[in-house]
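Q: Sequence:
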Amino acid sequence: MSMIDFYKYQGTGNDFVIIDNRNNQFNGDDVSLINHLCDRRFGIGGDGLMLLESHPELDFTMRYFNSDGREASMCGNGGRCIAAFAVHMNVVKSPESFSFMAVDGEHHATYNDGIVNLKMISVNDIKKADNYTFMNTGSPHHVCFINDVDDVNVVQEGKEIRYSELYAPDGTNVNFVQFDSENQIKVRTYERGVEDETFACGTGVVASAISAHLLKPEYTHFKVDVLGGKLEVTMKPNEIGFDDVWLKGPATFVFKGKIEI
Numbered sequence: 003m004s005m006i007d008f009y010k011y012q013g014t015g016n017d018f019v020i021i022d023n024r025n026n027q028f029n030g031d032d033v034s035l036i037n038h039l040c041d042r043r044f045g046i047g048g049d050g051l052m053l054l055e056s057h058p059e060l061d062f063t064m065r066y067f068n069s070d071g072r073e074a075s076m077c078g079n080g081g082r083c084i085a086a087f088a089v090h091m092n093v094v095k096s097p098e099s100f101s102f103m104a105v106d107g108e109h110h111a112t113y114n115d116g117i118v119n120l121k122m123i124s125v126n127d128i129k130k131a132d133n134y135t136f137m138n139t140g141s142p143h144h145v146c147f148i149n150d151v152d153d154v155n156v157v158q159e160g161k162e163i164r165y166s167e168l169y170a171p172d173g174t175n176v177n178f179v180q181f182d183s184e185n186q187i188k189v190r191t192y193e194r195g196v197e198d199e200t201f202a203c204g205t206g207v208v209a210s211a212i213s214a215h216l217l218k219p220e221y222t223h224f225k226v227d228v229l230g231g232k233l234e235v236t237m238k239p240n241e242i243g244f245d246d247v248w249l250k251g252p253a254t255f256v257f258k259g260k261i262e263i
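By the count of this note's numbering, the sequence shown reaches residue 263 at its end, each step adding exactly one.
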């Protein structure tokens with residue numbers, strides 16, 4: 003047994019355990035340990051766990067694990083939180099502009115007074131169906147627009163889509179979206195790996211904003227309400243999709259501690 007330092011951060015209610023693993027003292031292959039640390043009754047509690055590790059050229063590497071303990075695809079709010087953590091730990095050369103490596107590639111970020119603006123991957127392959135869109139914004143997302151997101155059973159309906167034959171065997175995240183005004187949307191998300199509704203999902207918010215643009219192409223800046231607060235997405239359409247996609251919002255330190263592993 004050994005003691006390890008951990009930090010808790012949240013971005014619009016999406017909460018994460020973060021460990022500075024630049025000395026490689028934490029074993030990211032231990033699925034049961036990560037699952038235990040994310041457990042809200044028997045561990046620290048979180049939607050996921052992240053390791054900040056060294057990178058030979060960029061400021062750092064982000065490794066993200068879902069609360070089930072498995073290393074996962076990109077998490078936008080996690081990316082914003084680990085960016086804030088890196089600034090607070092003096093890992094980056096300048097909070098005004100820094101870069102890190104994640105599972106879906108290199109990301110740029112800026113930090114200013116608790117607000118992180120994170121550049122997401124370009125999105126070029128979008129499936130448009132009659133009643134939904136599907137795309138990968140770092141993680142796979144099914145997006146459907148409905149009249150009232152407050153009236154939907156996110157867990158029940160999200161789970162049905164997540165485990166449907168359409169997305170077998172890996173499944174997908176599911177977003178329910180409504181327009182509040184011209185360029186303001188409201189999003190609720192069922193997250194794969196968490197297997198529940200979360201207070202926010204960064205890659206889901208990005209997918210929802212891109213889907214909103216497809217319906218209202220005059221807007222490339224969307225304000226997004228999620229259960230945990232407010233986010234913003236900007237994008238630049240190109241001939242085949244979207245690039246220069248940015249996710250902006252708060253990333254907040256909650257507490258730190260030590261735990262025996």
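Read the hints as simulated data drawn from the structure, not as lab findings.
Please note that a few of the clues may not be correct.
Claimed, not checked - Heads up, simulated SDA-like pairs for lysine to any residue below, C-alpha to C-alpha not over 20 Å straight-line: (1) K121 with D132; (2) K161 with Y134; (3) K218 with F136; (4) K161 with K258; (5) K225 with D152; (6) K121 with F44; (7) K225 with K129; (8) K121 with Y134; (9) K129 with D152; (10) K225 with K161; (11) K238 with W248; (12) K260 with F8; (13) K121 with C146; (14) K250 with Y134; (15) K250 with K260; (16) K161 with C146; (17) K121 with W248; (18) K121 with D152; (19) K260 with S75; (20) K130 with D41; (21) K250 with K161; (22) K258 with S4; (23) K188 with I263.
On a predicted model such as this, the values are computed, not experimentally measured, just so you know.
Q: Run through the hints listed earlier and report the numbers of any the structure violates, in increasing order.
A: 1, 4, 6, 7, 8, 9, 10, 13, 14, 15, 18, 19, 20, 21, 23
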